[in-house]
Amino acid sequence: MKKHNNIWLTVDTVLKVVILLAFIFPFLWMISTSLQTLEETMKFPPTILPEVPQWLNFVDAMTSGPFATYARNSLIVTISVIIIQLLVMIPAAYAFAKYEFFGKNVLFALVLIAFMIPGQLTFIPIYLMMADWGLIKTLLPQILPFMSNAFGIFLLRQYFMQIPEEIIEAARLDNANEFKIMWKIMVPMSKPALATVALFSFVSHWNDYFWPLVMTDSNEVRPLTLGISMLRETEGISNWHIIMAGNVVLVVPILIVYLFCSKQIVRAFVYSGIK
Amino acid sequence: MKKFFSIFAALFLVLGILAACGNEEKTEGTPKDTSKEPAQEEPEGKVTIQFWHSLGGVNGEYLDAMIKRFNESQDKVEVVGTFQGTYDETSTKLQQAISANTAPDIAMIERAYVQMFAEAEVLEDLKPYFKDSDVKESDFVKGLMGHSTFNKKLVSLPLNRSTPILHVNKTMLDEAGLEVPKTWDELKEVANKLVVKEGNEVKRYGLTMPYDTWYPIAMISQSKGKFFNDKKTSVDFVKNGIGKDVFQYLKDMQNTGALFYPPQTDSGNIVNQMFSSGKVAMMFQSTGSIGGIAQQATFDYETAFLPKNDVYATPTGGGNVAMLASSEHKKAAWQFMNFMMSDPQGLQQFIVESGYLPFTKKMAESKPIQDLWAKEPNRKTAYEQLEYATDTNKDTAWPEVMHEFFAAIEAIMYDNADIDKSLDTFTKETERILGQ
Chain X
1 MKKHNNIWLT VDTVLKVVIL LAFIFPFLWM ISTSLQTLEE TMKFPPTILP
51 EVPQWLNFVD AMTSGPFATY ARNSLIVTIS VIIIQLLVMI PAAYAFAKYE
101 FFGKNVLFAL VLIAFMIPGQ LTFIPIYLMM ADWGLIKTLL PQILPFMSNA
151 FGIFLLRQYF MQIPEEIIEA ARLDNANEFK IMWKIMVPMS KPALATVALF
201 SFVSHWNDYF WPLVMTDSNE VRPLTLGISM LRETEGISNW HIIMAGNVVL
251 VVPILIVYLF CSKQIVRAFV YSGIK
Chain R
276 MKKFFSIFAA LFLVLGILAA CGNEEKTEGT PKDTSKEPAQ EEPEGKVTIQ
326 FWHSLGGVNG EYLDAMIKRF NESQDKVEVV GTFQGTYDET STKLQQAISA
376 NTAPDIAMIE RAYVQMFAEA EVLEDLKPYF KDSDVKESDF VKGLMGHSTF
426 NKKLVSLPLN RSTPILHVNK TMLDEAGLEV PKTWDELKEV ANKLVVKEGN
476 EVKRYGLTMP YDTWYPIAMI SQSKGKFFND KKTSVDFVKN GIGKDVFQYL
526 KDMQNTGALF YPPQTDSGNI VNQMFSSGKV AMMFQSTGSI GGIAQQATFD
576 YETAFLPKND VYATPTGGGN VAMLASSEHK KAAWQFMNFM MSDPQGLQQF
626 IVESGYLPFT KKMAESKPIQ DLWAKEPNRK TAYEQLEYAT DTNKDTAWPE
676 VMHEFFAAIE AIMYDNADID KSLDTFTKET ERILGQ
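Protein chains in written order, with our numbering: chain X, 1 to 275; chain R, 276 to 711.
Bound-form chain X, shown alone:
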């Protein structure tokens, strides 16, 4: 019996390692390439550990354009999008989950429809509108269309609906106003959902290439993703080591946020007492 268990444990571990490797390999490959010389990147068989780590690749990548501006734009856009989305989503999801009002289902259906329309359908009219308003030279075309997040409203509503009515009733009896209920009860109890939505939102806006490519035409308002795509050669041999150094810089904030969020998710699960 014990032997049997051991076999399963081994199979289990091996499978986990295989899956882990499949996911982590591209990352390691990227980091390794970012520390190689151009000659080394083209070697076959490829070197996994760089012979001499080329830390200057990072300097090269970051000095090849106004990367401070790109990073600032990425930060401003991503953080404002998340803050605005949370401010819009929480009350909206609360209303959809806990209130009965006229036209609720129609409105919620509208939210779901918004969720299903891809950005590729709307970008031309939005661009024309933004150009008409003279906003193309600002960061607003990257923020305004994302003030609300239909997927987030949907997810939060489902989560809020699980929170027992009794808790809210009890708070009302204690004279807590709706704002307080939302802020002091709903929000802390749904931290996992909030963290998930915020993380998704962060990753998708931080990594977004298509939308800023369409909505910007000057370097002053461009995010990091566009800056890094500039490192590629249009013709000829691309400097993969420099491109990968740029990508490492792009990925690091996501990893930091993820580490922070995953902790949050675990803690919230323990704290809220909801299974």
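Mixed in with the good hints, there may be bad ones.
Label-pair ranges, simulated between beta-carbon atoms [stated by the list, open to error]:
{"hint": "1", "chain 1": "X", "residue 1": "251", "chain 2": "R", "residue 2": "523", "range": "27 to 37 Å"}
{"hint": "2", "chain 1": "X", "residue 1": "251", "chain 2": "R", "residue 2": "540", "range": "15 to 25 Å"}
{"hint": "3", "chain 1": "X", "residue 1": "128", "chain 2": "R", "residue 2": "464", "range": "53 to 63 Å"}
{"hint": "4", "chain 1": "X", "residue 1": "43", "chain 2": "R", "residue 2": "706", "range": "43 to 53 Å"}
{"hint": "5", "chain 1": "X", "residue 1": "170", "chain 2": "R", "residue 2": "540", "range": "57 to 67 Å"}
{"hint": "6", "chain 1": "X", "residue 1": "102", "chain 2": "R", "residue 2": "706", "range": "50 to 60 Å"}
{"hint": "7", "chain 1": "X", "residue 1": "51", "chain 2": "R", "residue 2": "451", "range": "48 to 58 Å"}
{"hint": "8", "chain 1": "R", "residue 1": "464", "chain 2": "X", "residue 2": "252", "range": "52 to 62 Å"}
{"hint": "9", "chain 1": "R", "residue 1": "464", "chain 2": "X", "residue 2": "121", "range": "52 to 62 Å"}
{"hint": "10", "chain 1": "R", "residue 1": "363", "chain 2": "X", "residue 2": "251", "range": "41 to 51 Å"}
{"hint": "11", "chain 1": "X", "residue 1": "128", "chain 2": "R", "residue 2": "541", "range": "28 to 38 Å"}
{"hint": "12", "chain 1": "X", "residue 1": "43", "chain 2": "R", "residue 2": "643", "range": "27 to 37 Å"}
{"hint": "13", "chain 1": "R", "residue 1": "645", "chain 2": "X", "residue 2": "124", "range": "28 to 38 Å"}
The hints are simulated quantities; they were obtained by calculation from the structure and are not laboratory data.
A virtual CB, placed ideally from N, CA and C, is assigned to each residue, including glycine.
Dock chain R against the given chain X, drawing on the hints supplied.
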């Protein structure tokens, strides 16, 4: 209570908008923006010219350096160069910007897209500008002007131009006692002789080329064929059997292992790397790759004309530069274009650095270029091949037809589809597109 809540909800929304506006102020407050805006409104001050281009990486840095040289050479015009993505992305962005009235003054347009923009009448006719200019229309190398005129208007000038060329690992050929091939027959023979096999696995290929329409088009021209017929109602090269010959030739070589046809994604980089690392002896590839390969190659590296079938021929590629008819500062825009075309510090210097083709006789005869050629004869070969440059895929519908041609290449080269059938389907699709 509910009312109270709805007020809060409304407040949140307003706050959200305010927060967004706050950010806008921050970006508008950057010094660059404030200095630029008023300049566009005051004609007496410095005029700002927006220049969109598709050059990233090292070539992008060379281009930026040229823009800087222009800005420092005078104090009337300030050119702002902005990278807008690949050729395709730049072209799409341009279409979008033209309809939204946010178009730049000058733009780099991949030569095959020029006709499409010219037909929409959004490009300025440059002929009148040559009057007060340091360069004459007749100075330009003819082979590179194929996409420059449309309905007798001169709508674009060459900028970063290239052609395909034969890249040769001379060391490998010498070892095998082979000469650089000059004809298709020789190419087939040499490529096959250079193949190294271990069992069924090919260790070394004879020839490769990127997945692109460029190379089949080159081979069509080398067989005296044309891409479109003269009336632009159909393709020319299918019914006369030339298309079949071209693809049969490629397929034969692919089947013996002489030709390595790369996977679609990033094929240009893949073949470059295979060639540089000695996995393939010869390569059809852009002249734009000469600089990178010369840096990488540890063997005797040479370039040669693309081998001829009936005649020598090569299509051209790369970007042209055009002035947008909507520009409000055409004089200033021309001042910059004139600088690019005629000043030794303009595109001439960019070409020396980047390895694109010189496009005026004056440039080709200039000392920096002559010095470069003496040092790197491979680049001279590319210029000399321009004598045989011809482009037969000129049509406003080319971008659309191109996708169909890619589909045919895909079917034949990857899926071993029947050549005749694939080309027939392609012809029908092309006729449908051209008939629209």
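Hints, verified against the model:
1. X/251 with R/523: 27 to 37 Å: The hint (27 to 37 Å, Cβ to Cβ) is violated, given that residue 251 of chain X and residue 523 of chain R are roughly 47 Å apart.
2. X/251 with R/540: 15 to 25 Å: holds (21 Å)
3. X/128 with R/464: 53 to 63 Å: holds (58 Å)
4. X/43 with R/706: 43 to 53 Å: holds (49 Å)
5. X/170 with R/540: 57 to 67 Å: Since residue 170 of chain X and residue 540 of chain R have Cβ atoms about 59 Å apart, the given range 57 to 67 Å holds.
6. X/102 with R/706: 50 to 60 Å: The hint (50 to 60 Å, Cβ to Cβ) holds, given that residue 102 of chain X and residue 706 of chain R are roughly 58 Å apart.
7. X/51 with R/451: 48 to 58 Å: violated (33 Å)
8. R/464 with X/252: 52 to 62 Å: holds (54 Å)
9. R/464 with X/121: 52 to 62 Å: At roughly 54 Å between Cβ atoms, residue 121 of chain X and residue 464 of chain R fall inside 52 to 62 Å, so the hint holds.
10. R/363 with X/251: 41 to 51 Å: Roughly 26 Å apart at Cβ, these two residues miss the hinted range, so it is violated.
11. X/128 with R/541: 28 to 38 Å: Taking Cβ atoms as reference, residue 128 of chain X and residue 541 of chain R lie about 34 Å apart, which means the hint holds.
12. X/43 with R/643: 27 to 37 Å: holds (34 Å)
13. R/645 with X/124: 28 to 38 Å: Check failed, 49 Å falls outside 28 to 38 Å.
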